[in-house]
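**Q** Okay, here's what each chain looks like letter by letter:
2 protein chains.
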Amino acid sequence: MNDTFKALSDPTRRKILQLLKEKDLTAGDIADQFNISKPSISHHLNILKQARLVQDERQGQNIIYSINLTVMQEAMGWFLGMIGTKGEPSDDKHE
Amino acid sequence: MNDTFKALSDPTRRKILQLLKEKDLTAGDIADQFNISKPSISHHLNILKQARLVQDERQGQNIIYSINLTVMQEAMGWFLGMIGTKGEPSDDKHE
DNA sequence: CTTATATTTAGATGATAAGCTAAATATTAA
DNA sequence: TTAATATTTAGCTTATCATCTAAATATAAG
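Line by line, the protein sequences are chains D and E.
Anchor point for the first sequence: position 93 equals 93 in full-length UniProt numbering, and the numbering is continuous, going up by one each time.
Anchor point for the second sequence: position 61 equals 61 in full-length UniProt numbering, and the numbering is continuous, going up by one each time.
Hints are computed from structural coordinates only; laboratory data are not their basis.
Do not take every clue at face value.
As the list claims (entries may be wrong) - Straight-line distance between alpha carbons at most 27 Å, and here's what the computed DSSO-like set of lysine-lysine pairs gives:
{"no.": "1", "chain 1": "D", "residue 1": "K38", "chain 2": "D", "residue 2": "K49"}
{"no.": "2", "chain 1": "D", "residue 1": "K49", "chain 2": "E", "residue 2": "K86"}
{"no.": "3", "chain 1": "E", "residue 1": "K6", "chain 2": "E", "residue 2": "K49"}
{"no.": "4", "chain 1": "D", "residue 1": "K38", "chain 2": "E", "residue 2": "K86"}
Unchecked claim - Taking CB as the label site, the calculated pair distances span:
{"no.": "5", "chain 1": "E", "residue 1": "R52", "chain 2": "D", "residue 2": "G77", "range": "15 to 25 Å"}
{"no.": "6", "chain 1": "D", "residue 1": "H43", "chain 2": "E", "residue 2": "R52", "range": "24 to 34 Å"}
{"no.": "7", "chain 1": "D", "residue 1": "E88", "chain 2": "E", "residue 2": "S37", "range": "29 to 39 Å"}
{"no.": "8", "chain 1": "E", "residue 1": "I63", "chain 2": "D", "residue 2": "I36", "range": "32 to 42 Å"}
{"no.": "9", "chain 1": "E", "residue 1": "S37", "chain 2": "D", "residue 2": "N62", "range": "44 to 54 Å"}
{"no.": "10", "chain 1": "D", "residue 1": "I47", "chain 2": "E", "residue 2": "Q50", "range": "22 to 32 Å"}
{"no.": "11", "chain 1": "E", "residue 1": "I64", "chain 2": "D", "residue 2": "T12", "range": "30 to 40 Å"}
{"no.": "12", "chain 1": "E", "residue 1": "E88", "chain 2": "D", "residue 2": "Q59", "range": "20 to 30 Å"}
{"no.": "13", "chain 1": "D", "residue 1": "T85", "chain 2": "E", "residue 2": "Q50", "range": "19 to 29 Å"}
Every residue gets a Cβ at the ideal spot worked out from N, C-alpha and C, and that includes glycine.
Turn these sequences into a full structure, and let the hints steer you where they fit.
**A** This is the structure in C-alpha cells:
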C-alpha cells in the first residue's frame, strides 16, 4: 500500500498510467510523451513496476508496458474504507 | 490533485487521516499517537491542510482537526477515471 | 560478427522532504 | 501580569528522490 501511494505521488508516473490506460506502450513510446530523458522514464517505470501498478513483457527489441488495474482497485479500496461512515471503525481490510 | 497525492504519499499522514476519520482530534491528541515530535506532526498537519484534506479550528488553547471527506472523494474520482473501461478515452473530469 | 536500435544500469548532482531542537505565539489560569 | 499549557514557526541536518550523462545489456539486421 505504501509503495502504491509513493508511486502515485509523482505526476509523471500518474501520466504514464493514464497513457497505459488507453493502450499498452513500449518504453520508447512512453518516453516520447515526456521532455525527460529515457533513463529517467525507465526509472519511473521501474518504480511503477515495483508497486505492481504496471507489468512489462519483452517483445523483440521492445519492452511493452501495460497497466495492472487490480492494484489500482486495491488502492481505491483504501479510499472506500476512508470514506465509509465517519466514526465507524474501519474493517481493516485496508490498512 | 498533485497536492492531494503528495499529501497521501506519507504513511504518517495517512494514519492521521485514519485517526480523524474516527473522530475529530486536537493537535496534541494526534501527536500522542506517534513517536514523532510535536513540531513534526504539526508540519504533517500543515501539509494535509494545504491539500485541504483536513480542516482546523481553534477551541480555546487547543486546535481541533477534522477530516475533509470531499477532497478524499475527489481523489477517489481519479481512480474511478482510471479504472473505467480500458482503452476508452477518459472524460477528463479527473486530470 | 559487426552495426544499429531499444532499454536499462551505474554513478553523480541538485532539489525536496522528514525529522529534530529551540524559540515564538496564543490562550487560559493564578 | 506572570506562569502554565498547546501549538506553530524557524533553522538546521540528513535522507530520499528526480534528473542527467555515460556506459552496459539485449535483440535484430546487414
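**Q** Name the hints, by number, that the structure is in violation of.
**A** none
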